[in-house]
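Going line by line, the protein sequences match chains A and B.
Take the first sequence: its letter number 298 is residue 298 in my numbering, and every next letter is one higher.
Position in the second sequence (from 1) plus 1000 gives the number in my numbering.
Please note that the accuracy of each hint is not assured.
Derived lysine to aspartate or glutamate pairs resembling DMTMM-like cross-links, with alpha carbons at most 25 Å apart [to be verified]:
#, chain 1, residue 1, chain 2, residue 2
1, A, K298, B, D1134
2, B, K1032, A, E376
3, B, K1004, A, E372
4, A, K61, A, E158
A short, non-exhaustive set of chain A residues, derived as facing chain B with CB atoms under 8 Å [as the list claims (entries may be wrong)]:
#, residue
5, I300
6, E301
7, E303
8, S304
9, H340
10, S378
11, P379
Simulated from the structure, these hints should not be mistaken for laboratory data.
Every residue gets a Cβ at the ideal spot worked out from N, C-alpha and C, and that includes glycine.
The chain contents come next:
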Amino acid sequence: MKQIYMDYSATTPMKPEVLSAMQEALKETYGNPSSVYSLGQEAKEKIEEARGYLAPLIGAKPREIFFTSSGTEADNWAVHIAKKTKPGKHMITCAIEHHAVLHTMEAAQKEGYEVTFLPVDRYGFIDLEELEREIRDDTILISIMYVNNEIGTIMPIEEIGAIAKRKGILFHTDGVQALGNVPLDMSSSTVDMMSMSAHKIYGPKGIGALYIRQGTRVVPLLHGGAQERRMRASTENVPGIIAFGEAARLAEAQLEDHVERLTKLRDKLKDGLMQIPDSFFNGHPTKRHPGNVNICFKYIEGESMLLLLDAIGVCASSGSACTSGSLDPSHVLMGIGLPHEIAHGSLRLTLGDFTVEEDVDYVIKHLPGIIERLREMSPLTPQK
Amino acid sequence: MYNKKVMDHFMNPRNVGEIENADGVGEVGNIKCGDIMRISLRIKDNVIDDIKFKTFGCGSAVASSSMATEMIKGMTIEDALKVTNKDVLKELGGLPTIKVHCSVLAEQALKAAILDYANKNGKHYKELEGFSPDEDHPHDEHELEV
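Next comes chain A alone, as it looks inside the complex (with noise of 0.2 Å):
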């Protein structure tokens, strides 16, 4: 059977060339970048090339890019940044933000800090007014995702930014799913700091970066040797930050490409299953990450249609309360406004560059008779 993977918010498999840079790297460039001979000098020197190419994908310089274990740690890295060089125990964030900032928040209210969660409309946006009123003259960071990974909401980050400049705090957004899908340009932004990973742009896991304006007050969240200037200490991860690079390079070099094509499957995937009676597009229309679907059909559980889309061959998710670890259905559909009943039938089915036209027609064929079956099933479908 074939296998459909449409679940690259989640994660995506890596692209030949970038795996090819990995393995080349674990095989040869094995030195430590701290050590003085030239094997080691070697990879640090590919270190900086890596930076290099991550910097024109984001409109950085290399030097604001600082090398981390993930895009949680970069998450968890801005907060601290935040807490520890700014005076202030107040901090604004939003309701749908992905765990590794909302816990990371909830951690830091346990040290003893205030922090405003913003709801948000049934798009995922927030209210511009609403965070101004919000801020206080000790408020220290706000911290708003760029893209959300579940709705795939592209939020008003400029125009959030300029608030926080304006008000002189430090604004940190999780660009996560931004990165390699939404034109970013740092040097003309109003971001101080932004967390990136590799593994949502066909690079590998275990390895992601968090972008620091420069000018910006760093201190190290991890202590230790003195790598990546001081502030993140431990030996790099060489072989995840080279194939980062090659990652990043490729996705610099095809965004637009990229962009156009997926958003043209997006789009005809959502047509299609939307045509499925009683379903309910999640997220905003156009302002939304480009490979983005997510619909929730009534009257059914979304674990089961996942169950019955893998035995199928296809990979997706959804937010229902099974598949979010909890009893509750996520909290970034909840967020939105949607009913229980709705938001426990939700499928997220996110694209990339692996999927082709036919991929988008099987599942328009065949989704329709799985939701058929369950609702078959659901006491709660209306009698016919």
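Start from chain A and add chain B according to the hints.
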């Protein structure tokens, strides 16, 4: 995530549907948690002659509904009332810990359906004393048991 037996009952659920003019119908669950189950029964000479279910829920909710109905079909009411979610779990060969609560639903739905039958026919079963179909199935308690 699920074993073969659970997947078999999920992919090919037994006794799906609704019995027309059923002798007893029970619906339990809660839309908030995302699982609702309805069982309908036909009872002949104190024996569960036919049983059908409809379930809104995840893979383990569907599989345990299917397994429970298969186990209970043909039993006397008294024997059926002795079937617990642990028996269903055992027959399924286990569920992931976080999913165990889904199997409670089948036991509750069956009791609710028998209670409906008992109320309609002026019967009394001591196993049903203290049972309330509207009560939330206790998630945490059962999760911690395993």
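Each hint tested on the structure:
Only pairs whose Cα atoms come within 25 Å are accepted, and A:K298 paired with B:D1134 is accepted, the gap being roughly 23 Å. Between B:K1032 and A:E376 the alpha-carbon distance is near 21 Å, which keeps this suggested pair within the 25 Å criterion. Proposed proximity of B:K1004 and A:E372 is supported: the alpha carbons are some 24 Å apart, at most 25 Å. Distance restraint check for A:K61 and A:E158: the Cα-Cα separation of roughly 19 Å lies within the 25 Å cut-off, and the hinted pair is therefore satisfied.
Residue-level restraint check for A:I300 holds (minimum Cβ-Cβ distance to chain B is 7 Å; threshold 8 Å). Interface restraint check for A:E301: the shortest CB-CB distance to chain B comes to about 5 Å, inside 8 Å, so the restraint holds. Taking 8 Å as the C-beta contact cut-off toward chain B, the hint placing A:E303 at the interface holds, the least distance being around 4 Å. Of the supplied interface hints, the one on A:S304 holds, with its beta-carbon coming within about 6 Å of a beta-carbon of chain B, less than 8 Å.
Hint status for A:H340 relative to chain B: holds, with the closest Cβ pair at about 5 Å, below 8 Å. This hint holds: A:S378 has a C-beta 4 Å from the nearest C-beta of chain B, less than the 8 Å allowed. A hinted interface residue such as A:P379 counts as satisfied when its beta carbon comes closer than 8 Å to some beta carbon of chain B; here the least separation is about 4 Å, so the hint holds.
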